[in-house]
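S.K.: Chain order of the listed sequences is A and B.
Each residue of the first sequence is one higher than the one before, starting from 0 at the first, in numbering that gives the first Met the number 0.
Each residue of the second sequence is one higher than the one before, starting from 0 at the first, in numbering that gives the first Met the number 0.
Do not rely on the hints blindly, as some may be mistaken.
The list treats identical chains as one, so a pair stands whether inside a single copy or across any two.
Okay, derived cross-link-like pairs now, DSS-like style, lysine-lysine, Cα gap no bigger than 25 Å in a straight line [to be verified]: (1) K226 / K22; (2) K226 / K341; (3) K263 / K226; (4) K154 / K341; (5) K286 / K82.
In short, the hints are calculated from the structure, not lab data.
There are 2 protein chains.
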Amino acid sequence: MPQFFDIDDAEFEARFETLLNAKREDSPDVDAIVADIIADVRARGDRAVLELTAKFDRLDLTADRLAFSADEIAAECAKVSDKDREALELAAARIRAYHEKQMPDDRSWIDDIGATLGWRWTPVSAAGLYVPGGLASYPSSVLMNAIPAQVAGVKRLAICVPTPDGVINPLVLFAARLSGVDTIYRIGGAQAVAAMAYGTETIQAVDKITGPGNAFVAAAKRRVFGKVGIDMIAGPSEILVIADRHNDPDWIAVDLLSQAEHDKSAQSVLITDDADFGRAVATAVDKRLETLERRAIAGPSWRDYGAVITVRDLDQAAALSNRMAPEHLELCVDDPDALSEKITHAGAIFLGKWTPEAIGDYIGGPNHVLPTARSARFSSGLSVMDFVKRTTLAKMTPAALRAIGPAAERLAQSESLEAHGLSVRARLDHLNES
Amino acid sequence: MPQFFDIDDAEFEARFETLLNAKREDSPDVDAIVADIIADVRARGDRAVLELTAKFDRLDLTADRLAFSADEIAAECAKVSDKDREALELAAARIRAYHEKQMPDDRSWIDDIGATLGWRWTPVSAAGLYVPGGLASYPSSVLMNAIPAQVAGVKRLAICVPTPDGVINPLVLFAARLSGVDTIYRIGGAQAVAAMAYGTETIQAVDKITGPGNAFVAAAKRRVFGKVGIDMIAGPSEILVIADRHNDPDWIAVDLLSQAEHDKSAQSVLITDDADFGRAVATAVDKRLETLERRAIAGPSWRDYGAVITVRDLDQAAALSNRMAPEHLELCVDDPDALSEKITHAGAIFLGKWTPEAIGDYIGGPNHVLPTARSARFSSGLSVMDFVKRTTLAKMTPAALRAIGPAAERLAQSESLEAHGLSVRARLDHLNES
Numbered sequence: 000m001p002q003f004f005d006i007d008d009a010e011f012e013a014r015f016e017t018l019l020n021a022k023r024e025d026s027p028d029v030d031a032i033v034a035d036i037i038a039d040v041r042a043r044g045d046r047a048v049l050e051l052t053a054k055f056d057r058l059d060l061t062a063d064r065l066a067f068s069a070d071e072i073a074a075e076c077a078k079v080s081d082k083d084r085e086a087l088e089l090a091a092a093r094i095r096a097y098h099e100k101q102m103p104d105d106r107s108w109i110d111d112i113g114a115t116l117g118w119r120w121t122p123v124s125a126a127g128l129y130v131p132g133g134l135a136s137y138p139s140s141v142l143m144n145a146i147p148a149q150v151a152g153v154k155r156l157a158i159c160v161p162t163p164d165g166v167i168n169p170l171v172l173f174a175a176r177l178s179g180v181d182t183i184y185r186i187g188g189a190q191a192v193a194a195m196a197y198g199t200e201t202i203q204a205v206d207k208i209t210g211p212g213n214a215f216v217a218a219a220k221r222r223v224f225g226k227v228g229i230d231m232i233a234g235p236s237e238i239l240v241i242a243d244r245h246n247d248p249d250w251i252a253v254d255l256l257s258q259a260e261h262d263k264s265a266q267s268v269l270i271t272d273d274a275d276f277g278r279a280v281a282t283a284v285d286k287r288l289e290t291l292e293r294r295a296i297a298g299p300s301w302r303d304y305g306a307v308i309t310v311r312d313l314d315q316a317a318a319l320s321n322r323m324a325p326e327h328l329e330l331c332v333d334d335p336d337a338l339s340e341k342i343t344h345a346g347a348i349f350l351g352k353w354t355p356e357a358i359g360d361y362i363g364g365p366n367h368v369l370p371t372a373r374s375a376r377f378s379s380g381l382s383v384m385d386f387v388k389r390t391t392l393a394k395m396t397p398a399a400l401r402a403i404g405p406a407a408e409r410l411a412q413s414e415s416l417e418a419h420g421l422s423v424r425a426r427l428d429h430l431n432e433s
Numbered sequence: 000m001p002q003f004f005d006i007d008d009a010e011f012e013a014r015f016e017t018l019l020n021a022k023r024e025d026s027p028d029v030d031a032i033v034a035d036i037i038a039d040v041r042a043r044g045d046r047a048v049l050e051l052t053a054k055f056d057r058l059d060l061t062a063d064r065l066a067f068s069a070d071e072i073a074a075e076c077a078k079v080s081d082k083d084r085e086a087l088e089l090a091a092a093r094i095r096a097y098h099e100k101q102m103p104d105d106r107s108w109i110d111d112i113g114a115t116l117g118w119r120w121t122p123v124s125a126a127g128l129y130v131p132g133g134l135a136s137y138p139s140s141v142l143m144n145a146i147p148a149q150v151a152g153v154k155r156l157a158i159c160v161p162t163p164d165g166v167i168n169p170l171v172l173f174a175a176r177l178s179g180v181d182t183i184y185r186i187g188g189a190q191a192v193a194a195m196a197y198g199t200e201t202i203q204a205v206d207k208i209t210g211p212g213n214a215f216v217a218a219a220k221r222r223v224f225g226k227v228g229i230d231m232i233a234g235p236s237e238i239l240v241i242a243d244r245h246n247d248p249d250w251i252a253v254d255l256l257s258q259a260e261h262d263k264s265a266q267s268v269l270i271t272d273d274a275d276f277g278r279a280v281a282t283a284v285d286k287r288l289e290t291l292e293r294r295a296i297a298g299p300s301w302r303d304y305g306a307v308i309t310v311r312d313l314d315q316a317a318a319l320s321n322r323m324a325p326e327h328l329e330l331c332v333d334d335p336d337a338l339s340e341k342i343t344h345a346g347a348i349f350l351g352k353w354t355p356e357a358i359g360d361y362i363g364g365p366n367h368v369l370p371t372a373r374s375a376r377f378s379s380g381l382s383v384m385d386f387v388k389r390t391t392l393a394k395m396t397p398a399a400l401r402a403i404g405p406a407a408e409r410l411a412q413s414e415s416l417e418a419h420g421l422s423v424r425a426r427l428d429h430l431n432e433s
């Protein structure tokens with residue numbers, strides 16, 4: 000059973016705070032191990048990567064086999080069924096169309112003193128995408144990471160995907176080829192992150208690393224942050240559904256389970272203005288759990304972290320949602336647009352009952368790499384913006400420098416930065432002399 | 000003497016690589032100490048902050064005196080001279096005008112299958128700005144951090160500024176008041192970062208922490224990243240000047256020194272297409288260094304990390320600049336706009352000889368918080384974008400779900416995520432029945 004809450008209960012506030020602050024992730028502290036791995040890869044390059052791959056993935060490689068060859072990729076892609084191929088192609092086209100609209104504009108203007116100001120966006124030169132191996136090796140994540148980079152204009156795109164015991168998911172290679180990836184390395188873990196950040200004899204360093212991973216990958220990304228850019232440190236997935244009684248309880252139940260089945264630490268929460276509807280959804284979840292393939296994952300997630308919250312009205316629902324700052328938010332209400340206007344913190348909103356969150360995971364167009372663990376309070380999902388950076392531009396004329404130079408000189412003096420002031424003064428003196 | 004390079008020398012490439020990879024910062028490893036401080040603040044709140052402030056800043060406070068009172072702020076602001084006040088007000092107005100143009104637009108559109116897609120930007124609710132104490136307590140940095148947050152619409156803005164032995168810079172308080180800061184705490188170090196990230200009895204937690212600091216502050220920001228957002232981990236400042244012979248060597252000399260005077264680890268580099276001009280600039284630097292107030296800082300910076308590089312033409316200069324990805328780039332050439340088009344990685348560009356970098360530090364309009372240590376390869380200066388986040392929006396119609404739902408279901412099956420598929424299938428079945 001999930002937890003049930005009623006906003007009018009005396010203990011609601013305390014219990015809701017506990018729900019908000021529950022630590023769902025129990026990551027082992029692997030920081031010391033990861034520090035050693037990164038140091039090893041920096042010192043010994045390929046040799047370290049090959050040894051670590053043999054050790055962790057039980058896979059003996061040589062430097063020339065770190066990357067998949069074109070023939071290997073073609074052979075794996077040939078295994079992809081027509082149906083899967085078409086579905087991935089449709090997804091890629093829709094994701095690309097959405098992300099193309101994200102490309103930000105350059106700006107330039109002349110202000111009131113005659114100074115030309117503005118900025119210009121340029122793409123990151125090279126990006127590396129981490130793709131987990133095994134169960135969580137999702138072709139959809141390849142598209143969601145690679146396509147924004149490709150749209151941004153990133154020239155060189157690499158993927159690292161571990162292949163424990165040599166097993167690879169052909170769909171991952173197909174998705175990579177579909178989204179313009181240049182090189183696919185069959186390595187994983189902290190060693191893959193270190194190799195992408197610092198480079199080895201065989202693996203060229205990149206400027207930005209994105210993509211999800213286990214505790215080792217997360218710790219490695221945190222450590223190389225600064226040397227290269229990273230996207231975010233993702234935690235377990237979560238969904239919040241706000242639904243009124245005008246919904247089929249079973250639809251809401253499968254929506255909640257579609258998060259719960261990701262991970263025992265995933266969280267699915269329903270907020271409704273009808274307590275009976277909330278109970279009906281919980282009953283429908285239990286019924287689906289009897290037969291769901293991943294019930295051994297979804298069941299514990301729902302029991303340990305699931306919640307059904309009853310509120311008096313949808314304004315209260317929006318207020319609680321904003322405190323949760325959910326990664327995914329479904330608004331299954333009569334006027335989802337009006338309710339959406341009241342949402343200030345959420346990674347992605349799915350409006351109306353015809354938009355189950357799974358549509359966003361695969362094919363809607365928006366990115367499925369989204370801020371977890373309440374980080375939608377301060378961060379956004381992956382986008383083209385993660386693969387571009389802005390250069391600011393300023394150009395003074397003699398008249399503009401005359402207008403504002405003295406104030407700059409004054410501020411430099413107040414901060415005891417004499418040379419700053421002199422760099423302005425030398426020019427102003429010249430203007431005054433001439 | 001700085002290092003001299005000629006791109007035609009046989010050993011140029013090796014020496015330039017060494018220059019690129021020189022580690023200028025020798026941060027002590029304070030991570031273990033910082034971890035303890037954060038744990039202490041989380042466990043004991045105000046009490047820990049007060050004890051650590053007494054220990055590190057030699058300042059005995061009580062909880063009710065952690066923040067400056069309105070009277071204290073008014074009294075300090077009254078000490079600011081009219082000239083300083085006017086200069087800061089002009090700077091604030093120009094910085095605000097520039098950053099107001101950065102506010103990104105919301106988008107919404109209906110695509111070919113009738114789905115409504117888009118995104119919406121919302122401000123971070125609360126931001127905390129770290130301002131170093133002592134020598135590096137710059138009022139200009141208060142403006143550069145606070146104004147973008149204010150423009151973004153951040154509702155609550157706090158500052159932490161340590162006041163060792165109780166000493167405060169009145170200009171910092173004035174700049175804070177000018178840029179809409181609500182609360183100013185007289186605390187610093189890792190304890191201030193921990194208090195802003197986790198909150199204490201007196202200090203309300205924020206969602207995003209920005210601003211420069213020493214090794215303790217940097218380590219603390221890295222540790223709380225994820226719990227809150229952070230801007231960047233800033234390193235020592237740097238400038239690259241590309242100048243042809245049509246410049247006064249002394250102007251270029253003071254421009255180079257305006258970086259060198261920040262920090263012994265700062266770096267100033269000149270690239271010129273005229274070796275004689277390069278030598279003339281080096282001579283002018285030496286002359287200025289004889290009398291510069293901060294020669295004990297600027298001298299070692301120039302000697303240890305300064306460089307004068309001679310190239311054959313400006314295309315070569317642009318190519319080297321892109322490999323350096325400088326924080327600040329001055330283009331003192333006849334056609335700076337044309338040269339600027341060739342620059343792919345730089346934090347900020349200052350175009351033409353009337354735009355010394357100091358203008359950008361104070362009053363040009365663009366932000367002076369910029370990516371250091373070659374991180375302009377993948378990141379941007381501080382902006383309004385750091386204080387907003389994007390929520391993606393998707394709304395299907397029954398027809399849209401019919402069009403793309405089957406492909407989503409297929410992809411869910413290929414990833415063995417049954418409930419994802421069921422959430423689509425339940426709706427499609429309903430549509431097919433009706």
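S.K.: Now tell me, hint by hint, if it's right for this structure.
M.R.: Hints and how they fare:
{"no.": "1", "hint": "K226 / K22", "in the structure": "between (29 Å within a copy, 12 Å between copies)"}
{"no.": "2", "hint": "K226 / K341", "in the structure": "between (39 Å within a copy, 24 Å between copies)"}
{"no.": "3", "hint": "K263 / K226", "in the structure": "between (33 Å within a copy, 21 Å between copies)"}
{"no.": "4", "hint": "K154 / K341", "in the structure": "between (40 Å within a copy, 16 Å between copies)"}
{"no.": "5", "hint": "K286 / K82", "in the structure": "neither (30 Å within a copy, 74 Å between copies)"}
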